[in-house]
Amino acid sequence: MSSEAINARGDLRLTRITKEYGDFKAVDDLTLTIPKGSFFALLGPSGCGKTTTLRMIAGLEEPTVGSIHLGDTDITTTRPYQRPINTVFQNYALFPHLTVFENIAFGLRRRGLKDIKEQVEKVLNLVELPHLAQRKPTQLSGGQQQRIALARAIVNRPALLLLDEPLGALDLKLRRQMQIELKWIQREVGLTFVHVTHDQEEAMTMADTIAVMNEGKIEQMGTPADLYDNPETAFVANFLGQSNLIKGKIDGSDGDNLVVDLYGQKISMPKNRSHAIDSSLYAGIRPEKFRISLVGTPIRGNCLTGGHIEDVSYIGVSTQYVVAMPWGQEVMVFEQNDDGVPPFDKGDEVVISWEPNFTFGLRGDEDIEAGTEVNPEEIEGE
Amino acid sequence: MSLPKVRVPYLLLFPGFAFLFTFFILPIINLAQTSTQTPIKGGDTGQYQQSFAFSNYIHAFTENKEQFARSFVFATLSTLLALAIAYPLAYAIAFKSGKFKNILLVLVVAPFFTSFLLRTIAWKQILGEEGFVVPGLRSLHIIGQQTTLTSTSFAVVAGMTYNFLPFMTLPLYASLERIDPRTIEAAGDLYANGITAFRRVTVPLSMPGVVAGTLLTFIPAAGDYVNAAILGSPTSKMVGNVIESRYFKIVDYPTAAALSFTLMAAILILVTLYIRKAGTEELV
Numbered sequence: 006m007s008s009e010a011i012n013a014r015g016d017l018r019l020t021r022i023t024k025e026y027g028d029f030k031a032v033d034d035l036t037l038t039i040p041k042g043s044f045f046a047l048l049g050p051s052g053c054g055k056t057t058t059l060r061m062i063a064g065l066e067e068p069t070v071g072s073i074h075l076g077d078t079d080i081t082t083t084r085p086y087q088r089p090i091n092t093v094f095q096n097y098a099l100f101p102h103l104t105v106f107e108n109i110a111f112g113l114r115r116r117g118l119k120d121i122k123e124q125v126e127k128v129l130n131l132v133e134l135p136h137l138a139q140r141k142p143t144q145l146s147g148g149q150q151q152r153i154a155l156a157r158a159i160v161n162r163p164a165l166l167l168l169d170e171p172l173g174a175l176d177l178k179l180r181r182q183m184q185i186e187l188k189w190i191q192r193e194v195g196l197t198f199v200h201v202t203h204d205q206e207e208a209m210t211m212a213d214t215i216a217v218m219n220e221g222k223i224e225q226m227g228t229p230a231d232l233y234d235n236p237e238t239a240f241v242a243n244f245l246g247q248s249n250l251i252k253g254k255i256d257g258s259d260g261d262n263l264v265v266d267l268y269g270q271k272i273s274m275p276k277n278r279s280h281a282i283d284s285s286l287y288a289g290i291r292p293e294k295f296r297i298s299l300v301g302t303p304i305r306g307n308c309l310t311g312g313h314i315e316d317v318s319y320i321g322v323s324t325q326y327v328v329a330m331p332w333g334q335e336v337m338v339f340e341q342n343d344d345g346v347p348p349f350d351k352g353d354e355v356v357i358s359w360e361p362n363f364t365f366g367l368r369g370d371e372d373i374e375a376g377t378e379v380n381p382e383e384i385e386g387e
Numbered sequence: 031m032s033l034p035k036v037r038v039p040y041l042l043l044f045p046g047f048a049f050l051f052t053f054f055i056l057p058i059i060n061l062a063q064t065s066t067q068t069p070i071k072g073g074d075t076g077q078y079q080q081s082f083a084f085s086n087y088i089h090a091f092t093e094n095k096e097q098f099a100r101s102f103v104f105a106t107l108s109t110l111l112a113l114a115i116a117y118p119l120a121y122a123i124a125f126k127s128g129k130f131k132n133i134l135l136v137l138v139v140a141p142f143f144t145s146f147l148l149r150t151i152a153w154k155q156i157l158g159e160e161g162f163v164v165p166g167l168r169s170l171h172i173i174g175q176q177t178t179l180t181s182t183s184f185a186v187v188a189g190m191t192y193n194f195l196p197f198m199t200l201p202l203y204a205s206l207e208r209i210d211p212r213t214i215e216a217a218g219d220l221y222a223n224g225i226t227a228f229r230r231v232t233v234p235l236s237m238p239g240v241v242a243g244t245l246l247t248f249i250p251a252a253g254d255y256v257n258a259a260i261l262g263s264p265t266s267k268m269v270g271n272v273i274e275s276r277y278f279k280i281v282d283y284p285t286a287a288a289l290s291f292t293l294m295a296a297i298l299i300l301v302t303l304y305i306r307k308a309g310t311e312e313l314v
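Chains as they are written, first to last, in this note's numbering: chain Z, 6 to 387; chain W, 31 to 314.
Keep in mind that the hints are not guaranteed to be accurate.
To be verified - Covered by chain W, per the in silico footprint, the following chain Z stretches (three or more residues, Cβ under 8 Å):
(1) 88-97
(2) 111-121
Claimed, not checked - Partner residues are not named here, just some residues of chain W that face chain Z (Cβ under 8 Å, in silico):
(3) S181
(4) Y221
(5) D282
In case anyone wonders, no lab produced these hints; they're calculated from the structure.
The beta-carbon is built from N, C-alpha and C at its ideal position, and this holds for glycine as well.
With the hints as extra help, turn the sequences into a complete structure.
Laid out in structure tokens, this is it:
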């Protein structure tokens, strides 16, 4: 079986995977298919089980229950060195006693391949560091080490490349640059990338498909736009960007739309964007979808009246407002600074409005704080 | 009055330097002088005068070639044995001991709580006729019914291996413990099975510990005389024993001093070659 596994290709399928450490379930009955050739992100806060999932795919951990298939080959218990899977480790884990060249050649040599020199040089060119071949890893900067770790993995042309928080140790500017490069390299080499990260922006920039994980389960899976525009749970709504969640009640329907009562004011939203299970629901609106206008000016779409500007922060491209609503809730509104209209002042009475199609509905029994902050105790050891 | 900053390093160096000067440099100079002295004609035993007799070195060496060779063979053997025992031990403590790590480390250094001499004498008991080793081996027919283990080269090497084992284990542990386990995982991820990962990653990364441990074992073992004196026989004497008897029994100070210098030079040359070969500066 092992000799077959190394040549396995195809979609990666995790079937009802559970991983327990004593009483703690790191991963809880997870089922997931990662299509061949995709750039897939596992996104979630520390301790959500994403790294454990990755380690099980790599073969560094064995699931307590469940199976892992690559194409038609069952690789659940295959040893890491017999899997056609390579990993870019969180802190790179380069071999400090070997040169950059030998680090990259390591996997090729183990498999007894020929034309090693040519392949290593090719991949060094791909990561744009051909001049560093004879250096030791400790003589490289963080960004260079990151690229070498990537080169060391992709040179083997694995069926699956796993990236464990690969950009976590880099500064913001370098991280942005590497995000674009990684995406480019993935297209260039055409491998399946599985990327684990807690950084929602990073996941959204790079991945075709994101699975948002929380407490060992997948909360929601979809394209970045799906997840952002139509989150199904409060956790997803809060973990990817910011959301205003306003408590309401479904008050009837009007064709394809629901009529929702938010503290006495009626709004409408598409039926297919509601994930409520009964009449109670949270109406979700992203801060940039709101428009602000002074009382008396004509408006379109849904509107909520009686708000007062509580706070104004000017941040260049946009202005962020905190608006105190009559029922005591504060909502966030982001306005683009593109219309030459001077910003509103603190204390102004305003109307907030938005297009009904931008509304999403969450179950009324959700914890609306879910995913907003990371509990420091949950941060796992690095 | 504040102390000028430039003087601080010198002040810090002073106690150590003064101590080493008094108790190491001066005696070494004294020993060097002694090594070229000759007996005073008509003088008492132990009375020598300086006559720059460098021939002392030639005599000392040619008369004790056998003991020199034995010293280096025994030291090499016990170093290799200690390495073979200490590596798995240090590996287990560093990677597999979990919460018992500290207890195991204490156990490694526990022998130091009793005296070196006492422990070596204990080995005489262990390997003696009344111990469990000899009757055990005899009943298993591994050794002949008349064979004894005390007063043999085997006993000397065994005693040295035992006595220097902690000096091998601790540096090995320190360098193994420093290895990032993720580099070993990375080797597995890159198609290396357990044995290859060990050979290609663990061993090279533990080389600083191997070099330090072998030096800390080999150097004192080459100069050792306690093990040979207690566990050996006249036919398993080492250079250390010759120096000891020349100095204290025969009161032949010049020969003892010349032997000491020869031993020191030999160790220095071997160690330099070894470090060159092991290439420690290449290691992290």
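Each hint, compared with the structure:
1. 88-97: holds (count 6)
2. 111-121: holds (count 4)
3. S181: This hint is violated: W:S181 lies away from chain Z, its Cβ roughly 45 Å from the closest one there, beyond 8 Å.
4. Y221: 4 Å, holds
5. D282: Since chain Z brings no Cβ nearer than about 50 Å to W:D282, farther than 8 Å, the hint is violated.
Checked against the numbered hints above, the structure violates hints 3, 5; every other hint is satisfied.
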